[in-house]
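*Asks:* With chain A's structure known, arrange chains B and C on it following the hints.
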Amino acid sequence: MSSDSCATSGTANETASSAPEPEIGPTRRSLLWLKSQLLVKTRREAKDLLLKILFAITTLIVILPFFLIVIQLAVTGLSGLTLDLFTTFPGASLTGGIRNAIVGTILLVLVAGGVGIPLSVLGAVYISEYSPPGRIRSTVEFASDVLAGIPSIVFGAFGFAFIVVFLNVGMGLVSGGLTLAFMMMPTVLRTTQEALRQVPVSLREASFALGATKWTTTWRVTIRAAFPGIVTGVLLAIGRVMGETAPLIFTSGNSLTTPTSILGPASWVASLPFTIWAYVSDPRPYLQVKAQSTALALLVMVLAVDVVANYISRKVTRRLV
Amino acid sequence: MMTARTHQIEVYDLSTWFGPKAVLKNITCHFSDNAVTAIMGPSGCGKSTFLRTINRLNDMIGNFRMKGKILLEGEDIYGPQANVYELRRKIGMVFQRPNPFPMSIRDNVKYGPRLHGVKDDNELDPIVEKSLKRAALWDEVKDGLDEPAPNLSGGQQQRLCIARALSVDPPVLLMDEPVSSLDPISAQKIENLIVELKKDYTIIMVTHNVQQAFRVSDQAAFLYLGELIEFDKTRRIAEAPADERTEAFITGRIG
Amino acid sequence: MQDAVGKFVLLVPAFAGSALIILILTFLWYEATPIFLAPQGGPSIVIQPIWDPNRDLYGIALFILGSFICTFLAIAMAVPLGIGAAVFLSEFCPPRIRTSLRMIVEMMAAIPSIVYGLWAYIVMVPWIKNSFAPAVQSNPLTAWMPWFQGSTNGLSVLAGGTILAIMLLPTVVAVSDDALRSVPSSYREASLALGATKTETAVKIVVSAAIPGIGAAIVLSLGRAVGETMAVLMVTGNSLQIPFTLLDPAYVMTSIITNQLGYAFVFPLWRSALFAVAFVLLMMSVSFTVIAKWFVKWGMKTRGLV
Chain A
0 MSSDSCATSG TANETASSAP EPEIGPTRRS LLWLKSQLLV KTRREAKDLL LKILFAITTL
60 IVILPFFLIV IQLAVTGLSG LTLDLFTTFP GASLTGGIRN AIVGTILLVL VAGGVGIPLS
120 VLGAVYISEY SPPGRIRSTV EFASDVLAGI PSIVFGAFGF AFIVVFLNVG MGLVSGGLTL
180 AFMMMPTVLR TTQEALRQVP VSLREASFAL GATKWTTTWR VTIRAAFPGI VTGVLLAIGR
240 VMGETAPLIF TSGNSLTTPT SILGPASWVA SLPFTIWAYV SDPRPYLQVK AQSTALALLV
300 MVLAVDVVAN YISRKVTRRL V
Chain B
0 MMTARTHQIE VYDLSTWFGP KAVLKNITCH FSDNAVTAIM GPSGCGKSTF LRTINRLNDM
60 IGNFRMKGKI LLEGEDIYGP QANVYELRRK IGMVFQRPNP FPMSIRDNVK YGPRLHGVKD
120 DNELDPIVEK SLKRAALWDE VKDGLDEPAP NLSGGQQQRL CIARALSVDP PVLLMDEPVS
180 SLDPISAQKI ENLIVELKKD YTIIMVTHNV QQAFRVSDQA AFLYLGELIE FDKTRRIAEA
240 PADERTEAFI TGRIG
Chain C
0 MQDAVGKFVL LVPAFAGSAL IILILTFLWY EATPIFLAPQ GGPSIVIQPI WDPNRDLYGI
60 ALFILGSFIC TFLAIAMAVP LGIGAAVFLS EFCPPRIRTS LRMIVEMMAA IPSIVYGLWA
120 YIVMVPWIKN SFAPAVQSNP LTAWMPWFQG STNGLSVLAG GTILAIMLLP TVVAVSDDAL
180 RSVPSSYREA SLALGATKTE TAVKIVVSAA IPGIGAAIVL SLGRAVGETM AVLMVTGNSL
240 QIPFTLLDPA YVMTSIITNQ LGYAFVFPLW RSALFAVAFV LLMMSVSFTV IAKWFVKWGM
300 KTRGLV
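Chains as they are written, first to last, in numbering that gives the first Met the number 0: chain A, 0 to 320; chain B, 0 to 254; chain C, 0 to 305.
Possibly wrong hints are sitting among the right ones.
Restricting the straight-line Cα-Cα distance to at most 30 Å, the calculated cross-link-like pairs of lysine-lysine (BS3-like) are [claimed, not checked]:
#, chain 1, residue 1, chain 2, residue 2
1, B, Lys129, C, Lys128
2, B, Lys20, A, Lys314
3, B, Lys89, B, Lys197
4, B, Lys141, C, Lys128
5, C, Lys203, B, Lys89
Label pairs and their computed distance ranges (CB to CB) [said to hold, decoys possible]:
#, chain 1, residue 1, chain 2, residue 2, range
6, A, Phe207, B, Lys129, 54 to 64 Å
7, C, Val265, A, Arg283, 21 to 31 Å
8, A, Arg196, C, Ser99, 27 to 37 Å
9, A, Gln197, C, Trp293, 26 to 36 Å
10, C, Ile241, A, Val200, 40 to 50 Å
Hints listed in this document are in silico derivations from the structure and should not be mistaken for laboratory results. By construction, the Cβ of each residue, glycine as well, lies at the ideal position given by its N, Cα and C atoms.
So here's chain A without its partners, still in its complex pose (with noise of 0.2 Å):
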């Protein structure tokens, strides 16, 4: 053993069998870090250093839209972003207000969401708890895996062939409303689905072995337990039938005020992406400063669904973990 390594040993030696050694602040410790990414000594060292800097920017080209938009939205459609806009009915020649369209879209989601959410929640119920695994599970997983990739224009053109014109239902919240609810399906039923299985099966047996029976257990122990998560994708499916716009073009028909009846054209509804499209085809130029303003109230709307549900998504995960 040379008398280095015995120099070495005396220091280890004391720091090793006292406290362990103090950690090293974050900042020294970041800088190490890329002290070390970038310490480069043979090509394949180089040529790693390289991909992993082309990677980086990759990820930062695909973020960058994001950005763009946010910004593009924020610094035009800000201004008109006022208490007005979301109080008042739209007035001669579209000025005025949203009141309509936000209105609108909340009786549409509501429509939607109490046709859609029950259906695919009892559905996503029965696969998981009563069907066993095989050919009935398939079929349906495989129908709503169909289900979410069809196109939203056809579901528009199939709300308007099936609801409004041969149930002979017209256009209005009804049809725009269940047109949206066939949209949610899918995604409400596979996240239930999903968080049905995440449940323990420890927690049914602690059930049934106090005699209690399936559907005793499925509905106050499995379904409670797996509350957060199918609130998760419920979350998620009304954020997303909130932005849809071709589904509603030929059946929830338009309206400057709120809708005064559930048939007939009375009950024809207005909803803000369809405000959003109306405003951007018209060559007013105040309409396309509006339509930017009622983007960027969508966009807030729908981004905060959608962080309630991730962050709903994350604190159960991390309580199951």
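*Replies:* Just chains B and C now, kept in the frame of chain A:
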């Protein structure tokens, strides 16, 4: 063995930490060439950490720190001049669970040599054959080299992993409980293989199975709570452990 | 008793999705039948290029071509960028930055397509018209390129393809990132222990092990690209012509339905032709879903993972 570099791997006063937690404490030992050294100890004693420090696989873990020296052929592997990729070529590793890549058997073995600059199939094919033969797998797979490796049985997968490690011709081979996840017959085959391989390689094997350590190894180390309690000829430890903790472990009172 | 009733009651919602798919298929087919039976129609409309409702000519080949070109452009841009970003997120990114980047990606996925369309219409289209086109057409390095020829008002397949790519990116990134992260870390360790660098490990082992998941992500985004409506509608120019260059406008399948179904309502053949387009879209999206599932299964099998 005339130079000062008697040992390919020498460890001097090695201490390691994960965050504030000390995992290894002042370990000094020399691993004999062309021999099997077994590192024994109860779970959580730092055996695996020790092994993974020798090929710097712990570097990837954010809060890992170490002090002391590990010399490979006289060079400090944590020194400023060390080339970690070349180091890992020289020190092969076999893991606890067989982990063949999800590709064909042939591509599994070719992967290592390709990394280190062998591109030509005329050179690669003999390497594949030689490595698989050394790992005693050739006869079983020579007709299905293009089959997906995960289709092999567990024992075959582990021998493929040994072949993969041998493909880059490392003088040292680290094995982290290489048979603990296998059935007894496959385990037996691999134990025999290890004894066969020590003629050409310096093997360091982690195990928590005392009987296996006694069967296979020439040297043995006993680690307990991060400290190296004993390091000696296996036979000597088996017959007369110097420390009572070693004795407690090999007689099964702690573990 | 209660359990049996429960099971029976739940059977109805469980099959609501399947029933809905059958309903959609039936109704689109029912609405599309007239054009397929008409003398000037028939299945050959998918290869006939002339769409002129005034003359009762309803060839939909132009729209299929337009959708194909925009989708191709979008995929060509989104896939390499998306996989690159996913590799960065899953293999190289420090955990703290990773969380925020993933959050931005999730938020990008949540932005409604009308907002993407609005931004593309207000920012990207004028930029292509005023900056991009003059720049590439005056630069001797690019001016000769056939795909940069012609005058443009910005409404073009380039604008459509680019905004589609931006919209696909979050899906490609998120699904690929999940696929990469589900690759067991024992593969990474085995590769590093053989002396591979981190990027060699990422590219040769992790990406290749995650190919089934990444492939599924690509096929799914193909489906989304073909079916995307509002954003493409607003920026591709909706002109009945074959786009020969990137700066030419085009007309895609989703746009013709959106633009004309309202007017076509009372003309049986016209309306039927639009439903035929919707039917083709539906068939495409169903096949993409099937292909994506098949792709995952195939990948798992060839890798011996099932």
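*Asks:* Look at each hint and say if it fits the structure.
*Replies:* Cross-check of the supplied hints:
1. The hinted pair formed by Lys129 of chain B and Lys128 of chain C fails the criterion: a straight-line CA distance of about 63 Å is larger than 30 Å.
2. Only pairs whose Cα atoms come within 30 Å are accepted, and Lys20 of chain B paired with Lys314 of chain A is accepted, the gap being roughly 28 Å.
3. Of the supplied pair hints, the one linking Lys89 of chain B and Lys197 of chain B holds, its CA atoms being roughly 15 Å apart against a limit of 30 Å.
4. In summary, the hint linking Lys141 of chain B to Lys128 of chain C is not supported, as the alpha carbons are separated by about 62 Å, beyond the 30 Å threshold.
5. The hinted pair formed by Lys203 of chain C and Lys89 of chain B meets the criterion: a straight-line CA distance of about 21 Å does not exceed 30 Å.
6. Separated by about 58 Å at the C-beta atoms, Phe207 of chain A and Lys129 of chain B satisfy the suggested range of 54 to 64 Å.
7. For Val265 of chain C paired with Arg283 of chain A, a C-beta distance near 30 Å keeps the hint of 21 to 31 Å intact.
8. Taking the beta carbon of each, Arg196 of chain A and Ser99 of chain C are about 29 Å apart, inside 27 to 37 Å as hinted.
9. At roughly 27 Å, the beta-carbon separation of Gln197 of chain A and Trp293 of chain C lies within the given 26 to 36 Å, and the hint holds.
10. Taking 40 to 50 Å as the suggested C-beta distance range, the pair Ile241 of chain C and Val200 of chain A does not conform, at roughly 59 Å.
This entry does not satisfy hints 1, 4 and 10, going by the numbered hints stated previously.
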